[in-house]
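Student: Start from chain A and add chains B, C and D according to the hints.
Chain order of the listed sequences is A, B, C and D.
Position 134 of the first sequence, counted from 1, bears residue number 303 in the working numbering, the numbering being contiguous throughout.
Position 120 of the second sequence, counted from 1, bears residue number 289 in the working numbering, the numbering being contiguous throughout.
Position 65 of the third sequence, counted from 1, bears residue number 234 in the working numbering, the numbering being contiguous throughout.
Position 21 of the fourth sequence, counted from 1, bears residue number 190 in the working numbering, the numbering being contiguous throughout.
Hints are computed from structural coordinates only; laboratory data are not their basis.
Bear in mind that the values here come from a model prediction, so they are computed numbers and not experimental data.
A virtual CB, placed ideally from N, CA and C, is assigned to each residue, including glycine.
A couple of the hints might just be wrong.
[To be verified] In the DSSO-like style, the derived pairs of lysine-lysine whose C-alpha atoms are separated by at most 27 Å in a straight line are:
(1) Lys286/B to Lys286/D
(2) Lys314/D to Lys314/B
(3) Lys314/A to Lys181/A
(4) Lys286/A to Lys286/C
[Stated by the list, open to error] Not the full set, but computed from the structure, chain D residues with beta-carbon under 10 Å of chain C:
(5) Ala199
(6) Glu201
(7) Pro224
(8) Arg225
(9) Cys237
(10) Phe241
(11) Ala242
(12) Asp243
(13) Trp251
(14) Val262
(15) Ser263
(16) Leu264
(17) Phe268
(18) Pro271
(19) Thr281
(20) Gly310
[To be verified] Some chain A residues judged to face chain B by a derived CB distance under 7 Å, without partners named:
(21) Leu197
(22) Gly236
(23) Asn265
(24) Glu267
Number of protein chains: 4
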Amino acid sequence: MDGGNEILSGPKLVTEGEWAGWRTWSGLDAFEDQTGPFYYREENGVVRSAFRAEPRHMNGGGFMHGGCMMTFADYSLFTIAWRELTDMRAVTVSLNGEFLGPAKAGDLVESTGEVTKAGGSLLFVRGLISTGGAPMLNFSGVIKKIRPR
Amino acid sequence: MDGGNEILSGPKLVTEGEWAGWRTWSGLDAFEDQTGPFYYREENGVVRSAFRAEPRHMNGGGFMHGGCMMTFADYSLFTIAWRELTDMRAVTVSLNGEFLGPAKAGDLVESTGEVTKAGGSLLFVRGLISTGGAPMLNFSGVIKKIRPR
Amino acid sequence: MDGGNEILSGPKLVTEGEWAGWRTWSGLDAFEDQTGPFYYREENGVVRSAFRAEPRHMNGGGFMHGGCMMTFADYSLFTIAWRELTDMRAVTVSLNGEFLGPAKAGDLVESTGEVTKAGGSLLFVRGLISTGGAPMLNFSGVIKKIRPR
Amino acid sequence: MDGGNEILSGPKLVTEGEWAGWRTWSGLDAFEDQTGPFYYREENGVVRSAFRAEPRHMNGGGFMHGGCMMTFADYSLFTIAWRELTDMRAVTVSLNGEFLGPAKAGDLVESTGEVTKAGGSLLFVRGLISTGGAPMLNFSGVIKKIRPR
Numbered sequence: 170m171d172g173g174n175e176i177l178s179g180p181k182l183v184t185e186g187e188w189a190g191w192r193t194w195s196g197l198d199a200f201e202d203q204t205g206p207f208y209y210r211e212e213n214g215v216v217r218s219a220f221r222a223e224p225r226h227m228n229g230g231g232f233m234h235g236g237c238m239m240t241f242a243d244y245s246l247f248t249i250a251w252r253e254l255t256d257m258r259a260v261t262v263s264l265n266g267e268f269l270g271p272a273k274a275g276d277l278v279e280s281t282g283e284v285t286k287a288g289g290s291l292l293f294v295r296g297l298i299s300t301g302g303a304p305m306l307n308f309s310g311v312i313k314k315i316r317p318r
Numbered sequence: 170m171d172g173g174n175e176i177l178s179g180p181k182l183v184t185e186g187e188w189a190g191w192r193t194w195s196g197l198d199a200f201e202d203q204t205g206p207f208y209y210r211e212e213n214g215v216v217r218s219a220f221r222a223e224p225r226h227m228n229g230g231g232f233m234h235g236g237c238m239m240t241f242a243d244y245s246l247f248t249i250a251w252r253e254l255t256d257m258r259a260v261t262v263s264l265n266g267e268f269l270g271p272a273k274a275g276d277l278v279e280s281t282g283e284v285t286k287a288g289g290s291l292l293f294v295r296g297l298i299s300t301g302g303a304p305m306l307n308f309s310g311v312i313k314k315i316r317p318r
Numbered sequence: 170m171d172g173g174n175e176i177l178s179g180p181k182l183v184t185e186g187e188w189a190g191w192r193t194w195s196g197l198d199a200f201e202d203q204t205g206p207f208y209y210r211e212e213n214g215v216v217r218s219a220f221r222a223e224p225r226h227m228n229g230g231g232f233m234h235g236g237c238m239m240t241f242a243d244y245s246l247f248t249i250a251w252r253e254l255t256d257m258r259a260v261t262v263s264l265n266g267e268f269l270g271p272a273k274a275g276d277l278v279e280s281t282g283e284v285t286k287a288g289g290s291l292l293f294v295r296g297l298i299s300t301g302g303a304p305m306l307n308f309s310g311v312i313k314k315i316r317p318r
Numbered sequence: 170m171d172g173g174n175e176i177l178s179g180p181k182l183v184t185e186g187e188w189a190g191w192r193t194w195s196g197l198d199a200f201e202d203q204t205g206p207f208y209y210r211e212e213n214g215v216v217r218s219a220f221r222a223e224p225r226h227m228n229g230g231g232f233m234h235g236g237c238m239m240t241f242a243d244y245s246l247f248t249i250a251w252r253e254l255t256d257m258r259a260v261t262v263s264l265n266g267e268f269l270g271p272a273k274a275g276d277l278v279e280s281t282g283e284v285t286k287a288g289g290s291l292l293f294v295r296g297l298i299s300t301g302g303a304p305m306l307n308f309s310g311v312i313k314k315i316r317p318r
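Just chain A, with the same shape it has in the complex:
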């Protein structure tokens, strides 16, 4: 029910351009490729995910569409929990979001978060999407490991 599987297919390290040093599994998830691509990197044990907002991500009001934020949140559940998902397929069980603020075309949109509980079959994750330090979306979700790859 989500893009979690892709994480396990081995993300690629970007070596040039704005995202040099970040990882992506562009090419492995059609909807994330269409919506993003999104990128992530781990720095000092903290996973940060990001993408650059474009006009195609906006709603009719000129702000980032809530569905775009939720798609990035769903992606972020799996980047935040990637260490728990090595060699494991997983799906999203639930995703909850509260919309805190907007983003406009050109903004760098980022997410960070933590695994609040790693159970045998269920992983609990929460995070925050922001731009330039301004909060955009608070999210939390549950991931279910379904089987080893």
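Tutor: What follows is chains B, C and D alone, placed relative to chain A:
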């Protein structure tokens, strides 16, 4: 923070093809155009929204991406509540979803739901996304009216 | 993490008083006894749960406390899903609620809902709490079966 | 729809016993008095809320009832946001929780969290309930200011 504004710009009636008889505001919301377009119609007082799943909506596992479902859910909050939003701009305050089942490319994906409470400034909506009668996503959300157009 | 276990201990049929004909497992769950007791019955395949609001259920504003509603919602997850939980222990994984309206002391508070998906290990439930036909709380949650009794 | 009003009636400082140095508005909210009482204090800008788990808070499995945790979470929304609510009545609009772990009778149950966004009429709060450093409930909610006192 969502596509709600568009509803108020007057949806277009589709007159031919698979979606003849349905309404869309394709052309007014960049992210919904990229993800959908989505369509809706009211039959016997029930608002039904729908779109046709394509390979570009799938995740790496070959099933519809959770973010695609959440985008359609966010859209559906506003189609379900459209009567309460005439001449009113509105944004999504919160959106919650539980993932019940998958969809594959080619599936007709539909949503229905109801306004559980229409307050002065806040609208509460819940709904269900399904395909061929099989449940995909249970969702609920809060919409805030922000100003008359 | 909730009172689900009790359902399986065999609810008692109330034979007299306001709740004659309803079932309760009063005596098996300390917190539900303190907060309720709550009652449920199945009529024409629909599970209905209920309790009578008292002053002790109110907040400082004189309306039913949100925590009281969420406690009744958590209870309702298990009454709504009781057929799926026979001889099975289970716990709540997540619970989401939107507050739609108040109740006052003396009101009859009821809930109804449905199992939106019954998986092998996870059950998805949604429901609505109301009084006299006026909506109070929309809720949805995920239950995890943990082991046979 | 919740206990928020009480915060504004001026909490009392406890001067003796286990909760000396903590604040409570015991006596002002019937349901919180029945369920708790709960206590909170601010240390270095961080609001911490707490109560001592008793047998009456447990479910039939001998662990803290999910409804008890959600009641404490609803209370915590208002203690975490108390600075934004001075002289203001407010109600809970939505409350979401994921159950991470149990508590037993005798455990000290605590919550901390932050206001993720303080809007003109809506406050967004998230937090975590834990005991002895072990996570119990991740929660997030939306509060609506309704009027000055």
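Student: Check each numbered hint against the structure and report the violated ones by number, ascending.
Tutor: 13 and 19
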